[in-house]
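Enquirer: Construct the entire structure; sequences and hints are all you get.
Chains as they are written, first to last, in this note's numbering: chain A, 1 to 226; chain B, 227 to 447.
Check before you lean on any hint, since a few could be wrong.
[Stated by the list, open to error] Each pair of labels, with its calculated beta carbon distance range:
no., chain 1, residue 1, chain 2, residue 2, range
1, B, 442, A, 91, 32 to 40 Å
2, B, 258, A, 35, 47 to 55 Å
3, A, 93, B, 324, 51 to 59 Å
4, B, 442, A, 191, 29 to 37 Å
5, B, 428, A, 57, 40 to 48 Å
6, B, 239, A, 57, 44 to 52 Å
Derived by calculation from the structure, the hints in this document are not laboratory data. All of these numbers come straight from a predicted model, not from anything done at the bench. Ideal Cβ placement from N, Cα and C applies to all residues, glycine included.
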Amino acid sequence: MAELLRQAWAVARKDLLLEFRTRTAIVSAVVFTALVLTVFNFGRDPTAVSALDLAPTILWVTFTFAAMLALNRAFQLELENQALEGLLVSPLSRTSLYWGKLLANLAFVAVVESVGLPLFVLFFNVPVGRVLLPLVAVIALATVGFVAVGTLFSALVIRTRFAELLLVVLLLPFLVRPLIGAVQVTARLFGDRPLSEAVGYLKLLAAYDIVFVSLASFLFRFTVDE
Amino acid sequence: MSLLHRGRWITLLGLALLAGVYVRALAFTPVERLQGPAQKIYYLHVPAAIWAETAMVLVGLGSIFYLFLKDRRLDRFAAASAEVGTVFAAIVLTTGPIWGKPIWGTWWTWDARLTSTLLLFFLYIGYLLLRGAVRDPALGARYAAVLGICGMCLVPFIHLSVYLFRTLHPQPIILKPSAPSLPGSMLATWLFSLGVFTLLYVGFVTQRYALSLLWEERNGA
Chain A
1 MAELLRQAWA
11 VARKDLLLEF
21 RTRTAIVSAV
31 VFTALVLTVF
41 NFGRDPTAVS
51 ALDLAPTILW
61 VTFTFAAMLA
71 LNRAFQLELE
81 NQALEGLLVS
91 PLSRTSLYWG
101 KLLANLAFVA
111 VVESVGLPLF
121 VLFFNVPVGR
131 VLLPLVAVIA
141 LATVGFVAVG
151 TLFSALVIRT
161 RFAELLLVVL
171 LLPFLVRPLI
181 GAVQVTARLF
191 GDRPLSEAVG
201 YLKLLAAYDI
211 VFVSLASFLF
221 RFTVDE
Chain B
227 MSLLHRGRWI
237 TLLGLALLAG
247 VYVRALAFTP
257 VERLQGPAQK
267 IYYLHVPAAI
277 WAETAMVLVG
287 LGSIFYLFLK
297 DRRLDRFAAA
307 SAEVGTVFAA
317 IVLTTGPIWG
327 KPIWGTWWTW
337 DARLTSTLLL
347 FFLYIGYLLL
357 RGAVRDPALG
367 ARYAAVLGIC
377 GMCLVPFIHL
387 SVYLFRTLHP
397 QPIILKPSAP
407 SLPGSMLATW
417 LFSLGVFTLL
427 YVGFVTQRYA
437 LSLLWEERNG
447 A
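Expert: Printed below as a string of structure tokens:
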């Protein structure tokens, strides 16, 4: 287990270092998030629909799109100069390669979300101060589910035609289930409802994370081996 | 008799019996008191829904065994089952609104069950798209298997929604822990129809399987 985490960390560190040195993808993803939030502002009639009613939708649609955009990057990066072959011949276990990619993607999406959340609060004037901690917990739970499936699928589509488009088509049916849970919990948090109302959804989110993280860790080896 | 012909005969038998299901449903089964004749679509809708979901589970099971045994027959079966499942999901999504309009007053509502069937349909479409997007057949089979297994694991999550959320959709009246709550003649018609749909599934899958076999022979794969 310690060895697995050490190898995973090496892969994640490599990805994040690469990202930190170029910064193209992360800056694009952050700007994209800001733009989606801006577009949402014009997509509603402020005199008819209050921002608070639409807030969970805005938050989650933005985060879902941002996460999908980020996931395309994970393995696309490795196609240049056959970097993936290099990773595969190195003494890495396939599971730790997956975990490394998962960690790097989680860090990437977390950065995008940590910029997106304050912008969302600023743009739509949503009072999140009281519920910040549970809100961050829900975002983390849903993001783990999104990224676990997304990392696996991004490895699945790299060798196909129209990889970016295909990833979105494959991924969205899998994201709807955690998305429903996340939106419901967020709506209850913003509406000052007791947390007990949201427990069912939280359990569903946690179950989804556990099932798909383990499943993807296991299935990943079949997507990269020749 | 070749596999293709056998599949064709099973399908033809299934289609003939499907006509029989409707003769029985319309002429020899009582009309439901509240829903009237609209309820007759139930004999088509529910068996199709059961097979649409079962087909996805079979795709997943075929995929698991394919990844371990590397037997091409399992991959052909998974591909065939996915295509037939897509058709059955399409039947569910067409018959549902036809019933919904007179009974609910709307063609579509974002009810948990409708949403989950729609997701299942999209899942099938994604699976078929992925199969078509990979040039190398062996690689395509492996990728499809990975997606098929994930799809199978998603089914419980989307099926759970039926019991977790309060929905507008009628609750299960046959496949539930307690005894079926409908008259015997309706149950008999329904079971007859479920049998016919099983036959249709087998017939379609056999034909599709035989076609991929022919395709592989022709392309020397």
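Enquirer: All hints, please: hold or fail.
Expert: Going through the hints against the structure:
no.: 1; hint: B:442 - A:91: 32 to 40 Å; result: holds, 37 Å
no.: 2; hint: B:258 - A:35: 47 to 55 Å; result: holds, 53 Å
no.: 3; hint: A:93 - B:324: 51 to 59 Å; result: holds, 53 Å
no.: 4; hint: B:442 - A:191: 29 to 37 Å; result: violated, 57 Å
no.: 5; hint: B:428 - A:57: 40 to 48 Å; result: holds, 44 Å
no.: 6; hint: B:239 - A:57: 44 to 52 Å; result: holds, 50 Å
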